[in-house]
Amino acid sequence: MKSRIFLFCFSIVLALSFASLTTTLKADTSVGGPIASDTIWTKANSPYRVVTSVDVLSGVTLTIEPGVEVIFSPSTSLQINGQLIAMGTPTETISFTYDGAYRWGNIQFTQNATPSNVDVDGNYIDGSIIQYCSIDHAGAAGEGAIEIQGVSILVDHCNITNTSSRAIYAVGAESSPAWITYNIIYSNYVLDSTKEYIVYLDHSSFNSNRVEGNNAYRPESWLTGGIIGINNSSMRNNIIRSNSTNGEGVYGGVIDANNSIIEGNYIERNTITTANRPVNGGGIRGGGIYAKNSSEVVGNTLISNKLLGADVTNDQILGGGIYAYGGVVRGNTVVNHMATAGTAAVGGGIFADFVTDLSDNYVVGNSVNGGNTRFAIGDADSYGGGIYAEHTDVITGNYIQGNSATNKYFQTFGGGLFAANDQLTISSNTIIGNSVSGNNALGAGAYLRFTSSTNSLFSNNLVVGNSSPEGKFTGGIDLFEDRENGVLVVSQNSFWGNRNFDVVVHSAFDIDGTNNFWATTDSLNVLSRIYDWYDDNSRGKFNALPLAQQPIASTAIIPPSGIHITIDGDTATLTWDEHPYISTGWGYKVYYDFDGPYPPYTGMVLPQGVSPIDVGDSTQLTVTGLIPNLKYYFAVTVYDDLGHESWYSYIVSNERKVFLPAIIKE
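As numbered in the working numbering, residues 1 to 666 make up the sequence shown, in order.
FYI, nobody ran anything at the bench for these hints, they're computed from the structure. Be aware that one or more of the hints could be misleading.
Stated by the list, open to error - Straight-line C-alpha distance at most 20 angstroms; calculated DMTMM-like pairs for lysine to aspartate or glutamate:
1) K408 - D393
2) K631 - E578
3) K631 - D536
4) K541 - D522
5) K541 - D568
6) K408 - E390
7) K541 - D510
8) K43 - D121
9) K306 - E248
10) K195 - E143
11) K472 - D512
12) K195 - D136
13) K472 - D522
14) K195 - D126
15) K631 - D570
16) K43 - D119
17) K541 - D482
18) K541 - D570
19) K472 - D536
20) K408 - E470
21) K306 - D422
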């Protein structure tokens with residue numbers, strides 16, 4: 001009896017085991033060739049194995065359900081002449097992948113494909129779409145893993161990785177763009193002498209994507225843009241970091257833009273390298289962004305992108321962060337770029353040529369280091385550690401601090417700013433703490449060359465604490481005027497604390513330098529801080545009298561100094577030096593945040609209030625309620641009785657580290 005019970009139980013267990021095996025077996029559906037009628041690829045019949053390329057014919061819809069896996073045989077593709085609806089979900093994505101043997105081709109939308117219908121913000125209404133999909137190991141055929149040829153298609157919330165060609169090639173219709181939004185594009189590479197860019201866009205909108213860890217490599221020829229090429233398009237609010245580009249020369253190490261809008265993007269820690277070829281070298285034009293033909297570069301943040309030029313005879317770097325030819329460069333943050341070249345190194349932060357609007361940029365901690373080969377071909381000087389501007393009429397509202405310029409064998413011009421034009425208006429800029437070095441270094445804060453028969457103006461600028469090598473006849477600003485009948489006016493500025501002089505005149509013409517503020521009313525003291533005809537009668541005079549007797553209201557205010565932080569548990573006490581020109585109605589604001597030591601500072605969690613906290617004329621603030629293991633960053637500004645506010649002080653953190661404004665320390 002016991003043996004019968006045992007056999008019966010064993011039979012039940014065995015039957016249940018077989019039943020379990022049966023329910024977990026996956027379907028396996030082979031597909032290929034034309035799809036001539038509406039078709040659904042279901043999760044129940046997944047995976048779908050593409051044994052020959054699939055063509056969705058005109059007027060036909062292929063719908064792919066969430067959770068479906070599509071496995072491509074080597075070099076096969078999915079071509080859409082009709083409509084593709086591939087809509088996964090955040091929890092059930094659709095996978096397009098390879099069979100493990102060799103890469104597959106791509107997903108191609110021809111100009112006959114049914115376009116996506118979206119609203120003005122790019123939200124899907126109907127039509128073709130790829131959403132919540134993963135695409136990997138493509139690139140054996142076509143222009144990109146996703147290829148869009150002359151039609152508006154929405155590609156949204158997809159992951160594209162490990163392609164051996166472009167990740168996305170999107171050419172929208174002239175009347176309506178392709179929409180590429182909220183995708184993650186990572187670990188792709190282009191090693192092809194016939195292709196450029198990881199992403200190429202024409203008549204497209206590229207918004208809120210993350211582009212990370214990609215590699216564009218073409219050591220034997222120029223790369224016209226390393227990571228993203230954009231033409232007649234817009235790209236906004238993307239994060240682009242830790243990509244690498246290597247070519248004989250590079251136009252746009254990260255972004256190459258033509259007649260496009262580049263706005264609100266975060267571009268960080270990308271590496272751009274020129275091949276160390278022994279004869280001619282190559283060079284870099286725009287380590288972060290190369291923009292031309294009326295492109296608008298507005299409100300972007302570029303931090304610590306690394307430019308590595310070759311020490312060969314014709315290797316130049318122009319624009320460590322941004323290179324702009326024409327168009328607008330406004331409101332960008334450009335921090336910690338080093339342009340090192342065998343020959344000329346120009347514009348460590350920004351290189352601007354024929355730019356119509358160069359304003360309100362925050363340019364900090366950039367540098368140029370040129371002339372690193374003695375036998376250079378052509379220009380091998382260093383220009384503009386922060387900003388280089390040529391053929392640019394108006395330069396206004398920029399904050400230029402802590403930039404530097406040096407040169408091993410040749411000349412150096414402008415630690416913070418180099419500007420040259422027939423006519424220049426340079427106004428309301430803050431030029432603080434920049435430097436030059438080298439055997440022939442000029443213009444620690446700015447080197448300005450005016451070459452016109454028309455009038456030029458340098459006004460309402462703050463030029464403080466810029467430095468040059470001891471014993472050199474250079475200073476806060478160096479002025480070179482080559483004119484016929486025009487007049488240069490330097491007025492309503494604030495100068496002090498520059499080494500070795502505040503102002504140096506290099507040309508034979510006299511300059512109107514009246515009504516500037518020098519932090520003193522002693523005219524003899526002021527004249528000793530100017531190097532002009534009185535020191536070398538081959539130079540023109542800088543006519544400084546009369547002096548402004550008090551700080552100029554329309555000039556930027558120097559930030560607070562002496563910032564110190566004391567930590568005690570969850571409490572931090574901030575102190576700073578009293579501003580030298582504090583007066584009735586003046587006061588201080590304390591800013592804080594915890595996402596990094598760069599603006600904007602928009603903290604909202606402290607009991608004392610949201611950032612900024614107005615402390616009036618007090619020179620200290622105690623904050624409580626610091627969250628354990630969370631790093632906070634604090635900065636202080638000063639404001640006057642007319643509502644003007646300085647830029648940020650040096651930044652301190654609850655780790656007791658000190659940061660230059662917006663400079664990230666390792």
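Hint by hint, here is what the structure shows:
1. K408 - D393: Violated, at about 31 angstroms.
2. K631 - E578: violated, 26 angstroms
3. K631 - D536: Since the Cα atoms of K631 and D536 sit roughly 54 angstroms apart, the hinted pair is violated (cutoff 20 angstroms).
4. K541 - D522: holds, 18 angstroms
5. K541 - D568: violated, 56 angstroms
6. K408 - E390: violated, 24 angstroms
7. K541 - D510: With a Cα-Cα distance of about 5 angstroms, the restraint between K541 and D510 holds, given a limit of 20 angstroms.
8. K43 - D121: It is violated: about 31 angstroms lies between the C-alpha atoms, which goes past 20 angstroms.
9. K306 - E248: Within the cut-off at roughly 16 angstroms; holds.
10. K195 - E143: holds, 8 angstroms
11. K472 - D512: Violated. K472 to D512 sits at ~24 angstroms, over the 20 angstroms cutoff.
12. K195 - D136: Given that 20 angstroms is the threshold and the Cα spacing comes to 19 angstroms, the pair holds.
13. K472 - D522: violated, 24 angstroms
14. K195 - D126: violated, 33 angstroms
15. K631 - D570: holds, 12 angstroms
16. K43 - D119: Measuring from Cα to Cα gives roughly 30 angstroms; hence the hint is violated.
17. K541 - D482: Holds, at roughly 14 angstroms.
18. K541 - D570: violated, 58 angstroms
19. K472 - D536: holds, 14 angstroms
20. K408 - E470: Holds: K408 and E470 sit about 17 angstroms apart, inside 20 angstroms.
21. K306 - D422: violated, 33 angstroms
Consistency note: the structure conflicts with the earlier hints numbered 1, 2, 3, 5, 6, 8, 11, 13, 14, 16, 18 and 21.
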